[in-house]
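Engineer: Here are the chains, one letter per residue:
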Amino acid sequence: MSEHGTIPGPPSEVGPRPAGGRAASAPLLGRAAEPTIFELSEPGRASFQLRTTGVPEWPVEDLVPPEHRRSAPVPLAEVSERDLVGHFTRLSHRQFSVDLGAYPLGSCTMKYNPKLCDAVAALPGLAGVHPAAPAPLVQGWLALLVELEDALCAITGMAAATLQPAAGAAGELTGLLLMRAWHDAHGERRRRVIIPDSAHGTNPASVTLGGYEVTTVPSDDRGCVDMAALRAALDTDVAGIMLTNPNTLGLFEEDIVGIAAAVHEVGGLLYYDGANLNAILGVVRPGDMGFDIVHMNLHKTFATPHGGGGPGAGPVAVSARLVDFLPGPRPVRLVEDEAGERFGWSMPPRSIGRVHSWHGNALVLARAITYIAVHGGDGLRRVAERAVLNANWMRVRLRGLYDVPFDRTCMHEVVLAAATLRKEHGVRALDVAKRILEEGFHSPTVYFPLIVDEALMIEPTETESLQTLEALGEALERIALEAAALDGGDAAAAPRTTPVGRVDEARAARSLVPTFDAHR
Amino acid sequence: MSEHGTIPGPPSEVGPRPAGGRAASAPLLGRAAEPTIFELSEPGRASFQLRTTGVPEWPVEDLVPPEHRRSAPVPLAEVSERDLVGHFTRLSHRQFSVDLGAYPLGSCTMKYNPKLCDAVAALPGLAGVHPAAPAPLVQGWLALLVELEDALCAITGMAAATLQPAAGAAGELTGLLLMRAWHDAHGERRRRVIIPDSAHGTNPASVTLGGYEVTTVPSDDRGCVDMAALRAALDTDVAGIMLTNPNTLGLFEEDIVGIAAAVHEVGGLLYYDGANLNAILGVVRPGDMGFDIVHMNLHKTFATPHGGGGPGAGPVAVSARLVDFLPGPRPVRLVEDEAGERFGWSMPPRSIGRVHSWHGNALVLARAITYIAVHGGDGLRRVAERAVLNANWMRVRLRGLYDVPFDRTCMHEVVLAAATLRKEHGVRALDVAKRILEEGFHSPTVYFPLIVDEALMIEPTETESLQTLEALGEALERIALEAAALDGGDAAAAPRTTPVGRVDEARAARSLVPTFDAHR
Amino acid sequence: MGDYLPHTEAEIAAMLDFIGLGSLDELFEAVPEALRIVGGLDLPVGQSEPDVLAHVEALADANAARADRLVCFAGAGAYDHEVPPVVRALAGRSEFVTSYTPYQPEVAQGVLQAMFEFQTMAARLAGLPVANASLYDGASALVEGVNLGVAASGRPGVWVSAGIHPHWRRVLGTFAAGTGHQLRTIPLLDGRTVWPADAGPADAGLADAGPPEGTAHPGPPGVLVVGYPNYLGCLEDLGEARRRCDELGAQLVVAADPVAAGILRSPGEWGADVVVGEGQALGTALGFGGPYLGLFACSAAHVRRLPGRLVGETVDRTGTTAYVTTLRAREQDIRRERATSNVCTNQTLMAVTAAIQLGWLGTAGLAEVALRCARGARYCRQALLGLDGVTPLTGDTPVVREFAVHTPVPAATVIDRLAEEGFLAGVALDALTGGEDPSCADPAQALLVAVTERRTARQIDTYVTAFDKAVRS
Amino acid sequence: MGDYLPHTEAEIAAMLDFIGLGSLDELFEAVPEALRIVGGLDLPVGQSEPDVLAHVEALADANAARADRLVCFAGAGAYDHEVPPVVRALAGRSEFVTSYTPYQPEVAQGVLQAMFEFQTMAARLAGLPVANASLYDGASALVEGVNLGVAASGRPGVWVSAGIHPHWRRVLGTFAAGTGHQLRTIPLLDGRTVWPADAGPADAGLADAGPPEGTAHPGPPGVLVVGYPNYLGCLEDLGEARRRCDELGAQLVVAADPVAAGILRSPGEWGADVVVGEGQALGTALGFGGPYLGLFACSAAHVRRLPGRLVGETVDRTGTTAYVTTLRAREQDIRRERATSNVCTNQTLMAVTAAIQLGWLGTAGLAEVALRCARGARYCRQALLGLDGVTPLTGDTPVVREFAVHTPVPAATVIDRLAEEGFLAGVALDALTGGEDPSCADPAQALLVAVTERRTARQIDTYVTAFDKAVRS
Ligand SMILES: Cc1ncc(COP(=O)(O)O)c(C=O)c1O
Ligand SMILES: Cc1ncc(COP(=O)(O)O)c(C=O)c1O
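Residue numbers (the numbering used here), protein chains in the order written: chain A, 1 to 520; chain B, 521 to 1040; chain C, 1041 to 1513; chain D, 1514 to 1986.
Hints should not be assumed to be uniformly reliable.
[To be verified] On the chain C side, residues computed to face chain D include the following (Cβ under 10 angstroms):
id, residue
1, 1080
2, 1082
3, 1089
4, 1125
[Said to hold, decoys possible] Calculated Cβ distances over 10 angstroms to all of chain C for the following chain D residues:
id, residue
5, 1616
6, 1833
7, 1903
8, 1921
Derived from the structure by calculation, the hints contain no laboratory data. Cβ coordinates follow ideal geometry from the N, Cα and C atoms, glycine included.
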């Protein structure tokens, strides 16, 4: 691999580069680059302050045997607190976010994240609790987790849930291992899991890690699972099927009942990828559709902010027959005594085991129950209605300007396409995505789902106002008309008003620079 | 006054304008304007949520007599929490701040504000305390205030202090009223207060409000008080003199001892404007210089962030003979009993009375004592040394590029001038100030002090690193050389890369639009 | 240990060398040898952040009266209102917190626009066309209002209703010593101001503090000052006050509560020339009394006399809407000794906070909060007046937001006893007035009680029960 | 009451009209009638924010073990380190908090550059040239590390030291059921791994969970996994582990603590192929176990097998330095079933936090914290071993950061009793291992104790005194 030459050996000997940073360059300058923290570094400068402890100050030589002792300290940046603050504040000004503007990134449910949840996640009584403290000392946390599990089961129509998975993909793999455990318990060694061709990439990747082979079924011309193809693919070697409903085209799988029947008939299980749950809150429950295993993305549906890529939480809820296999230990409500409700831990009898270092992303779980409690059953239904209403408004607004491969009532997101724009004017979905950044919006998801050519997947979410939708609609209209008028014009020049211009992704992969030390 | 016609009558009838806002426009767009919150408003939208109280829901008619009841609610913006967050977050991206970059605004001491102090000011045990609670219930607050008063007295060399004044100007007026009370108590009716021509505008304004007439004394060619002129101005009608030392030219009044003697000789008092205290922390104390009254700007010297213009705190410390006149009630240490120290309130026997609704800007005072405790006596001395070192580095760095009216060792700030640049190339201090914004720095203070033509007053503060000073130096050098090279060039075009271009200030005053309702 | 200084020893040496000095001490050669501190400041040495935080947390812990420990029924200008996480988060954005006064509008549009929006909201609350960008607090806003009124009327006489917060009246007196205003306190009857027919003498106590020129008979007043509601929660007859002003050719200055404004006819509609107020209730913490927010609004005719900063809308050179501080010629840095006020640093961050809080409340929310405060006050007052020995202080004059009662035992005792039960019972009137006061017969047995939208019926009920115990035992 | 929806009734009507529908229900016509929920979800109705906050605060209050109430001596992968206000403030910037994975680099340079800086710091800590942009937690990082090792070696056999955190080993077992890895737990002697000579059988318990193809005798292992320090605080002989790997042609995966790294020779220098770890100690709250930070670094040879996101430096079209996620072809959204991992959402915010925390600590700070932890552990261990009945669990093998002792009474009892005294005494080994465990003879009487730089000598002294009482009574 060519670029490996460019990566030097252990950089622990490599010190930070001499200071050359311009701690002054502020983002008001638009394109001015911010130096790395290593360039702001000056040997001997520091910002840390530690408390006085009165503990004897034994030298490191008395504490660490020579062969284990490091020869020189780990080289890190050496900056003043003032420069630390300047650096990361300036970086924050080079970052788009939900709090700055609309983020219609399809499949990601970038709704507004209530600040209340931040306050909850910061409560010393939650954030300051050690995960290994015995149950009697963490009754509040256990009650909270049980409350959340109950709520998630009510929302999905399942019997019980594990809160351990740290994200959707972790939930998927957990679900597939539950599937495997179920079949093992019935002495079956099934080898295949079915996935529609519109599925998210984590689904097939999880199937492989679950020890299964992927069988892909095509979508029909209505964008739903092709029933004939599904039936053809089904046999007793099929452990189950993974679906998200609404699917990644933003369409509801109308024949979900038929699908469920067919899969169950061959003894397979139905897995529900909950990434799109936002569309059906309070409208229909996966359990009622016939799903056996359901993961939820609390960082989508239940408003945990994405943190630039994480953390999330991907609880997995299951039907009664799978409860004994859930990961553990699980927080449970113990019999009530005079002191009121007590909570504890319990290991499901046939548990597949742990899937997290501790109990899952607990502070994310606390955000979720807070969000759910504020909305209540009634509020969650309104969430789904408004999300779907917004997506359909965008669909109708942009009809005629972009391709609408499946132009019927969609759910929480709509998949448009720039296929015609590309054919006629050479403007690709990517160009549209870059151009819309100049208008102050984040881009839709592009080139997903893979089955739609030049896909532009738009998920406004329920928290955007009609005024914002109108502004987004105008912007996308302007872009389409402009493309036609200028016959493409310098579409490739966009974006021009962002902190940096279009980024050379090929170069990044060609000559890899994964750290500040790599090319130095 | 012409523009009054443009201000309509009571706007309580004026509703918010129909929604037209583009809640989407993000500051990444550089020049895109953010609509007002009133334009984002949509009748019927809301974000407030109030707790359930169970209090009877009497209609307003039962609670407020008709003549007092308002006919329609006060028209405010009606926005969702999401749009509220988007709006103010985008506004924050249109705002320069210390946390974003260097802010060498002379006389304002825009040093880095430790985040620790924010944490302290947010402690429920401080922020959640009602100011009218009786002393036994606020012992922590009283102890904190006494601790701060002691520290401020140690730093200034005075006998006691009032913490009530909310800012420097309030401290000045308080000090002048102390001066008046002192003379009244001695049956004297003096009418004049002396101020150097380099004084800050609040000084003369406060003198007037204190019921005195201003007598201005010129500065000599070294930038210090002209002793001859001072002697000439002094007589028994002089209540006192207001000085800041170092003065607003950043120069130490070398003959302060002579000045003090001369003023005291005619029975006048010396008032110390503490805005420049940062320069002499731990080096020399106003009390030792002979000052009788000293105000401090905690929001300058002791790192309270300026909050876009306030809040501040302007405690006033006095020498022993003035203690009885201090505003009250004052927090005091009571005799210790077995329960340890107790604290209470006491009214000075000849107090001039209250100068604040309560006890002063308490949370600002809490920030100050925190800052002082972290630094300690040794740290405060380092603060002064580094502040003065940085200012002198800039002086030498820019010598030859800009005029240096008083080119000798300065204190915490240096006053440069663009007089030559203007004469030779038509580039004014204002143009330099606008141009430097494009480089990512805040501008120096311009046209102050008034006695320096085209003044550029630079106060780097001690928290800026040498690298930042170098970057600032380069930028100012570039501007000066550019002005020479292009013989002014389009200096008036700057700034070009800021959220808005150069603002039309004349128009703002000509046709006044002080509210959203004014021109609508 | 403990500072925020970036300088390394090597840099200090290089910098001294660059400026041609041999040591840091040489930087201070201009300071006379004899004056220099020897042996350092008389202060403890610096401590680490965690050590200092531990100390301050211990002090905070020693405040029994914190609202998270004692349920707050105290008001008198400082109220325990709902401040949601979203308002704290936005007001805490470091761009708002760590910027200076917007001297360079091109990089200060964030604060300037927020100020413009605040001014609009403050003006709408007052029912007047202009509001400034904040003053220190309610008292300082009142002082500035009176200064404006005296300047506008050209007469030093000021009639101040005893319904104005006692602390504010005291501050007015303090500053009158410098301005020479002749203050006369006008007593209340059943919580309402009874304006005198004659001109009458100024208050002795305050005249004392007055300047030499001060005559005890200033003639007809140039300014009338009244509260709405006044500090006892009573609704004053502003129509009457306006009429007296018109007869006397005086300016009407109204001290109004911005929350009660949610349900009350605005002072502007009543004909006020100047409206001042304490804005703490608009999103700012109780904070032991500060920093708070001085509200100031006036009629168009007075805009050139407006104290403090004013933001106006304009355009930049490209024609884009922009904001800037305007009518600067009024201010101290330009007008100096002839400025309308000496204020420079104000309370901008609290004004930004108020704009955010009012944005959160919106049209319906402010009205709802005001209504809930009035309901809570009614509910609580009815219950308290049901206890024997507890009687109304202001007859049956209509009250909103807060109310005062006579207590059979000293109010201070009630407060001490209820603190034991987990309540901050209210504010003892004599604590505010420092003894005898024209606004009330026996301040020692008078308690001022405020009920905000945060108080639940359960809290009020247990409070009243505890109150009953406290006044009977 | 309670939602964050902007839609007014009028807007809903207009929008429905625009899309040609008559009601909100019609939006869901694709959902089969029979499946639709009737009568709403079985959940309470929505409550207001203050009501919900009050409820959650009550729950938080019911957690006795919060670090602000019980002085924390518990560790085992979750540590009570100093996190200064400045780090909280910066990591809380909403631009970092409310953005998605940086799919559009032109508007995500903030997160991307922070990731690039984090990767650099993580790589330096590991002593390896490449680190990814985070995984879920220590356990998931270990799973990915083993997956990489097995893929690289082409052999399913994995020798896992019993010094690896018991939970992590359990997680490894759980996922081995899908991957078919053959895990064999290698026991400790005096807290140090004793690598076997023979190939030996895989753990029965785990083989069970293995896939059908799984043979009980996988032959020589493809991967060796060892901790540094291991979860008992012991310093393993990485030189020996490296030698065994070389003999066996196996990959060396080291689970290292990032704080102890401040004083220890880096695993990279010892020759590790992959270094994984739990990054919670780098600025993240205890948070009852999550969200935490999975650290992952590897040698250059493995970069194409790296799991998760990787940020690389590049330029934009104007040649300005820019950052972007790179080598995307490894990832699930492109490579799908042949991806190196299924991870998508990771723990970016914790990685940003770690970069800020390490920026605050700097070169000297990290070393100082590591040293103080070692000193505190030594100070506390010496004192505890001075109590009768308290004996070392790991002989005199050198320990850093934490240590384990045998207690004369059950460790659970010690914890209960010390909670009464205001301490979280540590972690009972059997609570981690769920009973018998190859890493320790009698887990029920074994206690794991961690001492961070936040613990003062006074705290440790009173802890030891209380400990003495607890084990004697
Ligand atoms: C449809 C779908 N499935 C699964 C996932 C994976 O979830 P996570 O990113 O939380 O692992 C996503 C996330 O983008 C998704 O959109
Ligand atoms: C020299 C000087 N004196 C007095 C003041 C007034 O202080 P404040 O703004 O706190 O009222 C200032 C503030 O800019 C100043 O620089």
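Engineer: Take the hints in turn and mark each one as holding or not.
Structural biologist: Each hint, compared with the structure:
1. With a least beta-carbon distance of about 26 angstroms to chain D, the hint placing residue 1080 of chain C at the interface is violated under the 10 angstroms criterion.
2. A cut of 10 angstroms between beta carbons decides the hint on residue 1082 of chain C: the least distance to chain D is about 28 angstroms, and the hint is violated.
3. The criterion of a C-beta within 10 angstroms of any C-beta in chain D is met by residue 1089 of chain C, whose closest approach is roughly 6 angstroms, and the hint holds.
4. With a least beta-carbon distance of about 8 angstroms to chain D, the hint placing residue 1125 of chain C at the interface is held under the 10 angstroms criterion.
5. Interface exclusion of residue 1616 of chain D from chain C stands, the closest Cβ pair being 26 angstroms apart, more than 10 angstroms.
6. For residue 1833 of chain D, the shortest C-beta to C-beta distance to chain C comes to about 22 angstroms, beyond the 10 angstroms cut-off, and the non-interface label holds.
7. The beta carbon of residue 1903 of chain D is kept farther than 10 angstroms from every beta carbon of chain C, the shortest such distance being approximately 30 angstroms.
8. The beta carbon of residue 1921 of chain D sits about 34 angstroms from the closest Cβ of chain C, which is more than 10 angstroms, so the claim that it is off the interface holds.
This entry does not satisfy hints 1, 2, going by the numbered hints stated previously.
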